[in-house]
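Student: Spelled out from the first residue to the last, the chains are:
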Amino acid sequence: MARITISVNGQNRSAETEGRTLLVQFLRDGLGMTGTHIGCDTAQCGACMVLIDGRAAKSCNILAQEAAGRCVTTIEGMANPDGSLGPIQQAFRDHHGLQCGFCTPGMVMAAAALLAENPEPTEAEVRGYLEGNLCRCTGYHNIVKAVLAASGQDVSALDPALSAPG
Amino acid sequence: MYDFEFLRPDTLDEAIAALDRDDAMPVAGGQTLLPTLRQRLNAPSRLVSLTAIPGLRGIRREGDMLVIGATTSHAEVAREAGAHFPALAALAGSIGDPAVRNLGTIGGSIANNDPSACYPAAVLASAAVVVTTRREIAAADFFQGMFGTALQPGELVTALRFSIPERAAYAKFAQPASRFALVGVFVAQSGTAARVAVTGASEGGVFRWEAAETALSGDFRPEALAGLTPPATGMIDDLHGSADYRAHLVGVMTRRAVARAAA
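Those protein sequences? They're chains F and B, same order as listed.
Position one of the first sequence corresponds to residue 1 (my numbering), numbered consecutively onward.
Position one of the second sequence corresponds to residue 1001 (my numbering), numbered consecutively onward.
Be careful, since some hints might not be right.
Chain B regions said to be covered by chain F (calculated; three or more residues, Cβ under 8 Å) [as the list claims (entries may be wrong)]:
#1 1001-1007
#2 1215-1229
#3 1254-1262
Per label pair, the in silico range of CB-to-CB distance [to be verified]:
#4 B:A1193 to F:Q99: 53 to 61 Å
#5 F:C137 to B:E1203: 32 to 40 Å
#6 B:G1191 to F:R3: 52 to 60 Å
#7 B:V1252 to F:G101: 37 to 45 Å
#8 B:G1145 to F:A2: 47 to 55 Å
#9 B:S1178 to F:P87: 28 to 36 Å
#10 F:G101 to B:S1178: 24 to 32 Å
#11 B:E1203 to F:P87: 46 to 54 Å
#12 F:H141 to B:P1054: 41 to 49 Å
#13 F:A124 to B:E1203: 14 to 22 Å
#14 F:G152 to B:G1227: 46 to 54 Å
#15 B:D1238 to F:C40: 18 to 26 Å
#16 F:C137 to B:L1239: 20 to 28 Å
#17 F:C40 to B:G1191: 22 to 30 Å
What the hints contain is simulated information worked out from the structure, not anything from laboratory work.
Here a beta-carbon is modelled for each residue, glycine too, at the ideal position from N, C-alpha and C.
Go ahead and model the full structure; you've got the sequences and the hints to work with.
Tutor: Right, here's the structure in full:
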């Protein structure tokens, strides 16, 4: 066992780890931060996505000790300081960008990584960037809409109900 | 996943020393290795991470060569190699998904030599040199069949040295779930010579399609390949595609790559 420290959402957090402890286990079991989900556990679904030094990574596919000393951002770090929903979370709520909600933490983190790199992505760029995030409710349309809305773009044309005449 | 000791040394010498036992394994991005360990397909007693070694990471231009450190991520190649070798940057940007590209490394990809990985095609078509802790290995000698390389136990890839072609392009028919190449073809042209390297298709791993190279030499146009398809013998035959289908795709993807490079 080795005690490691990782900056999680701006605070240094420590826990005991084995060599094989994954970052997602460090977050969920070590720190009790269960917002980051384990979906497939085979590095395919993206439900466990976090930011490491600002870049998207699947926390089930990196060892905790590899992430020691680095800066990790999780879904718990996406809310505003007063606890209200952050802009990306609010856009997911406004545009019904979730059904069961299981994939949502990963989707929000992927969206945060995308918008940091590309503040005004096209619809195709959003869909391309979300390749590593699976929504088994197949709710992609509203997720894409929410990400575009979070970037400040007008998404009314993507919503037939809103764009219908009259 | 079985437990192991994890070490993350910050010098190459320490890494080499730490790997000097039978069941130690190096790891960089771990995007292939960790899923493998979790399926208990391998059980090293020690993993030695190479990611804290500063000299192994980064991209630099040396004359008409592009040198890429072994632990440079796919995302870094996609972002930073474009001004020097756009076809390589585009290939790197097409691997897996953004999260995989942020962690996965070029050295890890070629050391693993997955028969469907993208990088081996670029390395072979560009006649790149694989620089290791012990020697320099020509691409043609480095790749030795599916998951096989010339690397000896304890030998680590430190960098890739690419000769930048005059024109090049990569065309991939992606397996839609994994984003690996069902068939991927990298074409590179310099002077009158053309090189064509194919990944994803052969049971022998990445290979050069010499008939296409002959047809393209001095006539680097998709039309020069009209009617040309490699034999299906030895092509991978699985639920994603038959050997005949893959052979057909090699012809199609080579023509697309040439059209892209010549555009």
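Student: Give a verdict on every hint.
Tutor: Going down the list of hints, with the structure as the test:
1. Restraint check on the region 1001-1007 of chain B versus chain F: 6 residues with Cβ-Cβ distances below 8 Å, three needed, restraint holds.
2. Coverage of the region 1215-1229 of chain B by chain F is violated [criterion: at least 3 residues with CB-CB distance below 8 Å; count 0].
3. Interface restraint, the region 1254-1262 of chain B with chain F: violated (0 residues with C-beta to C-beta distance below 8 Å; minimum three).
4. Range check, A1193 (chain B) to Q99 (chain F): about 55 Å between beta-carbon atoms, so the 53 to 61 Å window is met.
5. A C-beta distance of roughly 39 Å is found between C137 (chain F) and E1203 (chain B), which places it inside the suggested range of 32 to 40 Å.
6. Judged by the Cβ atoms, the range 52 to 60 Å given for G1191 (chain B) and R3 (chain F) holds: they are separated by roughly 59 Å.
7. Hint check: V1252 (chain B) to G101 (chain F), Cβ distance near 42 Å, so the stated range 37 to 45 Å holds.
8. Between G1145 (chain B) and A2 (chain F) the Cβ separation comes to about 38 Å, which falls outside the hinted range of 47 to 55 Å.
9. Range check, S1178 (chain B) to P87 (chain F): Cβ separation about 33 Å, and the 28 to 36 Å hint holds.
10. Separated by about 26 Å at the C-beta atoms, G101 (chain F) and S1178 (chain B) satisfy the suggested range of 24 to 32 Å.
11. Distance hint check: the CB atoms of E1203 (chain B) and P87 (chain F) are about 50 Å apart, consistent with the given range 46 to 54 Å.
12. Taking 41 to 49 Å as the suggested C-beta distance range, the pair H141 (chain F) and P1054 (chain B) conforms, at roughly 44 Å.
13. Range check, A124 (chain F) to E1203 (chain B): Cβ separation about 35 Å, and the 14 to 22 Å hint is violated.
14. At about 52 Å, the beta-carbon gap between G152 (chain F) and G1227 (chain B) stays in the expected band of 46 to 54 Å.
15. About 22 Å separates the C-beta atoms of D1238 (chain B) and C40 (chain F), a value consistent with the hinted range of 18 to 26 Å.
16. A hinted range of 20 to 28 Å holds for the C-beta pair C137 (chain F) and L1239 (chain B), which are about 27 Å apart.
17. Roughly 48 Å separates the CB atoms of C40 (chain F) and G1191 (chain B), a value that falls outside the hinted 22 to 30 Å.
Checked against the numbered hints listed earlier, the structure breaks hints 2, 3, 8, 13 and 17; every other hint is satisfied.
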